[in-house]
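A.B. asks: Model the placement of chain C on the given structure of chain A, informed by the hints.
Each protein sequence line maps, in turn, to chains A and C. For reference, each letter of the first sequence is one residue, going 51 to 162 in this note's numbering. For reference, each letter of the second sequence is one residue, going 176 to 333 in this note's numbering.
Calculated directly from the structure, the hints in this document are not laboratory data. One should not assume that every hint holds.
Once the Cα atoms are required to be at most 27 Å apart in a straight line, the calculated DSS-like pairs of lysine-lysine come out as [unchecked claim]:
{"hint": "1", "chain 1": "A", "residue 1": "K87", "chain 2": "C", "residue 2": "K292"}
{"hint": "2", "chain 1": "A", "residue 1": "K67", "chain 2": "A", "residue 2": "K101"}
{"hint": "3", "chain 1": "C", "residue 1": "K292", "chain 2": "A", "residue 2": "K121"}
{"hint": "4", "chain 1": "A", "residue 1": "K87", "chain 2": "A", "residue 2": "K149"}
{"hint": "5", "chain 1": "A", "residue 1": "K87", "chain 2": "A", "residue 2": "K136"}
{"hint": "6", "chain 1": "A", "residue 1": "K71", "chain 2": "C", "residue 2": "K301"}
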Amino acid sequence: MPPKENEDAMFILDEIKTVIKDSIDEAIGSQQFNHDKVTHWTNGVSESCIKRLAVLNKPFKYVVTTVIMQKNGAGMIMATSCFWDKAADGSNTIRWENKTMYVIVTVFGAAI
Amino acid sequence: MAETPATPNPPETLQDMKEELTAVPPEAIAPVEMVQKVKIVKHSELPYAPPARFQSGKVKDFINKLLKERLGSLPAYDFEAAPALCRELADLVKYEIRDMNLPRYKIVVQSVIGESKNQGFQFASKSLWDPQTDDYSFGSFLNEHVFGVVGAWALYLT
Numbered sequence: 051m052p053p054k055e056n057e058d059a060m061f062i063l064d065e066i067k068t069v070i071k072d073s074i075d076e077a078i079g080s081q082q083f084n085h086d087k088v089t090h091w092t093n094g095v096s097e098s099c100i101k102r103l104a105v106l107n108k109p110f111k112y113v114v115t116t117v118i119m120q121k122n123g124a125g126m127i128m129a130t131s132c133f134w135d136k137a138a139d140g141s142n143t144i145r146w147e148n149k150t151m152y153v154i155v156t157v158f159g160a161a162i
Numbered sequence: 176m177a178e179t180p181a182t183p184n185p186p187e188t189l190q191d192m193k194e195e196l197t198a199v200p201p202e203a204i205a206p207v208e209m210v211q212k213v214k215i216v217k218h219s220e221l222p223y224a225p226p227a228r229f230q231s232g233k234v235k236d237f238i239n240k241l242l243k244e245r246l247g248s249l250p251a252y253d254f255e256a257a258p259a260l261c262r263e264l265a266d267l268v269k270y271e272i273r274d275m276n277l278p279r280y281k282i283v284v285q286s287v288i289g290e291s292k293n294q295g296f297q298f299a300s301k302s303l304w305d306p307q308t309d310d311y312s313f314g315s316f317l318n319e320h321v322f323g324v325v326g327a328w329a330l331y332l333t
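Excised from the complex, chain A in its bound form:
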């Protein structure tokens, strides 16, 4: 492998944020919660995230998780815990919501 530029090998939060937002817009857009479509959406968001991350062409392994929850006043909390190289690896979580649901997407990137 040719030597990489230092910036190329870094997990850049802003870049990932754009990736996640674009993926949510593409897969869900302005639709409201629909029980039959949720599986399709979670798959769609994750899939399109992975595709965009692959295009970035960086030396990372990625894990994308998508949570969709219907809004009805129920509380929810999410936590992550990782055992990795703090300097090289990173994660970014985006919370997106509309009138009827919450969508929370997390991308973990582990340098290889």
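C.D. replies: Frame of chain A; chain C shown alone:
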């Protein structure tokens, strides 16, 4: 005059004689057609194969047990105590995997707990990785008050 018949290529030394006597004809070791059927199985195609693998089933059992223990006894969803509990669950699972001694593996754990009010909820994950070395595990719990999901991923540092 009677001559003793000469043996063809008589062995010159004792060592040669011994080798000749103990030599096994090559066809006796492995017949040709048998050799062709032997399939060479490499231990792994990877030059960087991990010495230990992430055991998905064990982790799943641990998560399920842990969630049942910690969430099953809750009388109701407590939004003040939930953040600490959620973080604790993620940490416990992380420590459990870390203690499995997986060298060069990076561990990611994500936990979600929430109130069950018959709302729709879905947790999904997709990954970009090497399926030969990396793996994941999921565990979940649900009763009338709370639900909990914990996912764990192990990523091998190549």
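A.B. asks: None of the hints should be skipped; say for each whether it holds.
C.D. replies: Going through the hints against the structure:
For the suggested pair K87(A) and K292(C), the alpha carbons sit about 20 Å apart, so the restraint of at most 27 Å is met. At roughly 14 Å between alpha-carbon atoms, K67(A) and K101(A) fall within 27 Å of each other, so this suggested pair holds. At most 27 Å may separate the alpha-carbon atoms for a hinted pair to count; K292(C) and K121(A) meet this at roughly 10 Å. Note on K87(A) and K149(A): the hinted pairing holds, with a Cα-Cα distance of about 16 Å set against a maximum of 27 Å.
For the hint pairing K87(A) with K136(A), the CA-to-CA distance comes to about 37 Å; that exceeds 27 Å, so the pair is violated. Of the supplied pair hints, the one linking K71(A) and K301(C) holds, its CA atoms being roughly 17 Å apart against a limit of 27 Å.
Comparing the model with each numbered hint stated earlier shows that hint 5 is the single one that does not hold.
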